[in-house]
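> If you read the sequences in order, they're chains A and B.
Going by this note's numbering, the final residue of the first sequence carries number 416, and the count climbs one at a time with no gaps.
Going by this note's numbering, the final residue of the second sequence carries number 416, and the count climbs one at a time with no gaps.
Worth flagging that the hints you see were computed from the coordinates, not collected in a lab.
The structure presented is a predicted model; accordingly, all values stated were derived computationally and were not measured.
Among the hints, erroneous ones may be present.
The list treats identical chains as interchangeable, and a pair is accepted whether it falls inside one copy or across any two copies.
Mimicking EDC-like on lysine to aspartate or glutamate, the simulated pairs with C-alpha atoms at most 20 Å apart in a straight line are [said to hold, decoys possible]:
| no. | residue 1 | residue 2 |
| --- | --- | --- |
| 1 | Lys102 | Glu231 |
| 2 | Lys102 | Asp167 |
| 3 | Lys311 | Asp187 |
| 4 | Lys218 | Asp265 |
| 5 | Lys311 | Glu189 |
| 6 | Lys311 | Asp123 |
Protein chains: 2
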Amino acid sequence: MTAPRPTAASPTHAPLEQFPIENGELIIGGIPLSRLAVRAGRTPFYAYERKALAARVASLRAALPPGVKLHYAMKANPMPALVAHMVGLVDGIDVASAGELKIALDAGVDPLETSFAGPGKTDEELRQAVAAGILINIESFREVDILARVSQALGVPARVAVRVNPDFELKSSGMKMGGGPKQFGVDAEAVPDLLADIGRAGLAFEGFHLFAGSQNLKAEAIVEAQRKSFELALRLAGYAPGPVKFLNLGGGFGIPYFPGEQRLDLAPIGDNLAAIVAEAAERLPGAEIVIELGRYLVGEAGIYVCRVIDKKVSRGHTYLVTDGGLHHHLSASGNFGQVIRKNYPVAIGNRMADAPGEPCSVVGPLCTPLDLLADRMPLPAAEPGDLVVVFQSGAYGASASPQAFLGHPAVSELLV
Amino acid sequence: MTAPRPTAASPTHAPLEQFPIENGELIIGGIPLSRLAVRAGRTPFYAYERKALAARVASLRAALPPGVKLHYAMKANPMPALVAHMVGLVDGIDVASAGELKIALDAGVDPLETSFAGPGKTDEELRQAVAAGILINIESFREVDILARVSQALGVPARVAVRVNPDFELKSSGMKMGGGPKQFGVDAEAVPDLLADIGRAGLAFEGFHLFAGSQNLKAEAIVEAQRKSFELALRLAGYAPGPVKFLNLGGGFGIPYFPGEQRLDLAPIGDNLAAIVAEAAERLPGAEIVIELGRYLVGEAGIYVCRVIDKKVSRGHTYLVTDGGLHHHLSASGNFGQVIRKNYPVAIGNRMADAPGEPCSVVGPLCTPLDLLADRMPLPAAEPGDLVVVFQSGAYGASASPQAFLGHPAVSELLV
Numbered sequence: 001m002t003a004p005r006p007t008a009a010s011p012t013h014a015p016l017e018q019f020p021i022e023n024g025e026l027i028i029g030g031i032p033l034s035r036l037a038v039r040a041g042r043t044p045f046y047a048y049e050r051k052a053l054a055a056r057v058a059s060l061r062a063a064l065p066p067g068v069k070l071h072y073a074m075k076a077n078p079m080p081a082l083v084a085h086m087v088g089l090v091d092g093i094d095v096a097s098a099g100e101l102k103i104a105l106d107a108g109v110d111p112l113e114t115s116f117a118g119p120g121k122t123d124e125e126l127r128q129a130v131a132a133g134i135l136i137n138i139e140s141f142r143e144v145d146i147l148a149r150v151s152q153a154l155g156v157p158a159r160v161a162v163r164v165n166p167d168f169e170l171k172s173s174g175m176k177m178g179g180g181p182k183q184f185g186v187d188a189e190a191v192p193d194l195l196a197d198i199g200r201a202g203l204a205f206e207g208f209h210l211f212a213g214s215q216n217l218k219a220e221a222i223v224e225a226q227r228k229s230f231e232l233a234l235r236l237a238g239y240a241p242g243p244v245k246f247l248n249l250g251g252g253f254g255i256p257y258f259p260g261e262q263r264l265d266l267a268p269i270g271d272n273l274a275a276i277v278a279e280a281a282e283r284l285p286g287a288e289i290v291i292e293l294g295r296y297l298v299g300e301a302g303i304y305v306c307r308v309i310d311k312k313v314s315r316g317h318t319y320l321v322t323d324g325g326l327h328h329h330l331s332a333s334g335n336f337g338q339v340i341r342k343n344y345p346v347a348i349g350n351r352m353a354d355a356p357g358e359p360c361s362v363v364g365p366l367c368t369p370l371d372l373l374a375d376r377m378p379l380p381a382a383e384p385g386d387l388v389v390v391f392q393s394g395a396y397g398a399s400a401s402p403q404a405f406l407g408h409p410a411v412s413e414l415l416v
Numbered sequence: 001m002t003a004p005r006p007t008a009a010s011p012t013h014a015p016l017e018q019f020p021i022e023n024g025e026l027i028i029g030g031i032p033l034s035r036l037a038v039r040a041g042r043t044p045f046y047a048y049e050r051k052a053l054a055a056r057v058a059s060l061r062a063a064l065p066p067g068v069k070l071h072y073a074m075k076a077n078p079m080p081a082l083v084a085h086m087v088g089l090v091d092g093i094d095v096a097s098a099g100e101l102k103i104a105l106d107a108g109v110d111p112l113e114t115s116f117a118g119p120g121k122t123d124e125e126l127r128q129a130v131a132a133g134i135l136i137n138i139e140s141f142r143e144v145d146i147l148a149r150v151s152q153a154l155g156v157p158a159r160v161a162v163r164v165n166p167d168f169e170l171k172s173s174g175m176k177m178g179g180g181p182k183q184f185g186v187d188a189e190a191v192p193d194l195l196a197d198i199g200r201a202g203l204a205f206e207g208f209h210l211f212a213g214s215q216n217l218k219a220e221a222i223v224e225a226q227r228k229s230f231e232l233a234l235r236l237a238g239y240a241p242g243p244v245k246f247l248n249l250g251g252g253f254g255i256p257y258f259p260g261e262q263r264l265d266l267a268p269i270g271d272n273l274a275a276i277v278a279e280a281a282e283r284l285p286g287a288e289i290v291i292e293l294g295r296y297l298v299g300e301a302g303i304y305v306c307r308v309i310d311k312k313v314s315r316g317h318t319y320l321v322t323d324g325g326l327h328h329h330l331s332a333s334g335n336f337g338q339v340i341r342k343n344y345p346v347a348i349g350n351r352m353a354d355a356p357g358e359p360c361s362v363v364g365p366l367c368t369p370l371d372l373l374a375d376r377m378p379l380p381a382a383e384p385g386d387l388v389v390v391f392q393s394g395a396y397g398a399s400a401s402p403q404a405f406l407g408h409p410a411v412s413e414l415l416v
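Take these sequences, add in the hints, and give me the full structure.
Here is the structure:
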């Protein structure tokens, strides 16, 4: 069987220019990849680049109006050193569990600029959050009752916002997280009752959180969702027991992973947010507009690196067998929520100047055909010892993968 | 939106009778579920039952001819206590990494009855395997070279079998792992050359390993694959540098997970293996026939248990929000290689006598719509504090899930 060669008309991956190439090697954090692999002590590893993270935040700030606050949703990448780096770059951190909260606090985040969302917060997590003094995005009537008890016991009123399940959907989104029946947030039509409960319970109301979906590459869909979210928040603010201080309009900014995907155009999003900020200054005086991003901030700043262990030709098809795979990078294997498997951008990091040859497949060491990092991709001729790089791997990589699967060592993570 | 009620014609889950019910509670290892949850100290947890594991091995042995050896492929569930229990029940253990090898050796397995397969064994793993004295299933020409060097350095000839990529496929298999180009094993047509290399290298040749696929519920497909594997091994044995001592015909026996799936019929498989054993006694004298099973031995003996944290009604649809989810049980969420999500069998373990009510969804605490354990399933009316049980969870559960995702605590595992 011979795999088909891509034709000139095949869709290609969006150009990736975040890391330079010198002498045929990818350079991460100023270090040639093969040297970084020695420094790491072993493969596989993830490497996240401080400079690329800072550059992404800077370019985003340049595209957004000055009044918008930028939060990092650390579920995208909870590596403690990376979170600490992000604390110095963004205005706040969003956590999704008590485990993430600990990492954020250890990283030095300001509790006033930290928020906690999640549909199944335990009683203990809510206690920890109140004690930490962070903002809790309330997602059900039950949480109001528990927070009332906790606030009384601790003598500290819980700081709360309401996570709203909107009455619309984010179009073209990788994951829809609002509209229709959902486990996230409180249905918009039930929010007035919830706000009344919050007022009666004496909690410190601070605002609203609306999050319509994630991994969206269509600016017009994000613009529409932000506009509708803002208008919904304006309507709901009339029922609030106090002034709105924070209005978290969510995120959902996507990055290009697969052939044919184009980068998100930030210009219309920036224009729309500028209009929202101006309108908020009149209609919600004192309210800060917050954008919460995870993947968009960190996804392109990271790579996954594994080493070719064996090169096998089976019935005319070449397999590069590596020491990494789906146990470290489930998304790149195509097994994390994807309906149709597509290739992430993959390269041979120490042969970046070589021309691609016949299509080959990059697989891992696991005894399952799911363990596939590149399927029939034209790559330079590689040999055992070479370093396979999976780009766009800074988000939902190590922490979103079944690392214990088949008993291989856990992956290491470097911030360089 | 109202979810559709299943009609009389809807496919249902295969009956599960491995655990009794008393006073409306599921009983595991003789212990009512709610008491076991207290013993565990926290939810979520996995519980695997010793008795069910022993009963499965016993019923399988009764269905197979006495000459067949039974191996446990521990990648299905590597919990150390469970592996130790299995060592006392089966004839050998198959490992897929050095990490698994350590667990198996610590569990007291006989190295003579332990084998190691995997397409990307590292040099170090091969050294460890030779030092341990286990059987190595060779999957490439490279491994012969390395094993020759290691054998010389250690003064111990490596015990090897050849993993063959057959020239046929296992029909109706959940995962095809043989036939066509594959990263697994060595193409059948290249095996004669490989056997010559093994002879020249002075390795201790012991047999063949053929594994055509997994999770197959059609007895006739398994019979056909075992028959073809045996015939292929007979042909290849003519090229071997020594007599065949082990012939591992793989496994692939499936268990019913989803509505409409029926249990595998063992009778034709037993008959077929009896014929193979008789034929092998003549044509491969001294060879032991080995069947290697993972999921089939342990999958039905385990449950996943999580607790309802919140009950939310969103636009007419009820969500039971639990403290467990895809981070502990990726397969049950439908995100591990499944193309179409289907429900595992799910129950409220402390309300087993209650009649099912309106369909509801069981979700986890993660901020992603992928975190779904039951989608519109008719379940008894449940409340916070109740225990959700996911059956058929003894294989590819804890170790095959991204436990660090979103920073929640790791799941605990109990052998009861």
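> All hints, please: hold or fail.
Structure-based check of all given hints:
1. Lys102 to Glu231: For lysine 102 and glutamate 231, neither the intra-copy (34 Å) nor the inter-copy (59 Å) Cα distance is at most 20 Å.
2. Lys102 to Asp167: neither (34 Å within a copy, 54 Å between copies)
3. Lys311 to Asp187: between (54 Å within a copy, 14 Å between copies)
4. Lys218 to Asp265: Classified as within: same-chain Cα gap 8 Å, cross-chain 51 Å, threshold 20 Å.
5. Lys311 to Glu189: between (59 Å within a copy, 18 Å between copies)
6. Lys311 to Asp123: So lysine 311 and aspartate 123 pass the 20 Å test across copies only (14 Å; inside, 52 Å).
Checked against the numbered hints given earlier, the structure breaks hints 1 and 2 and satisfies all the rest.
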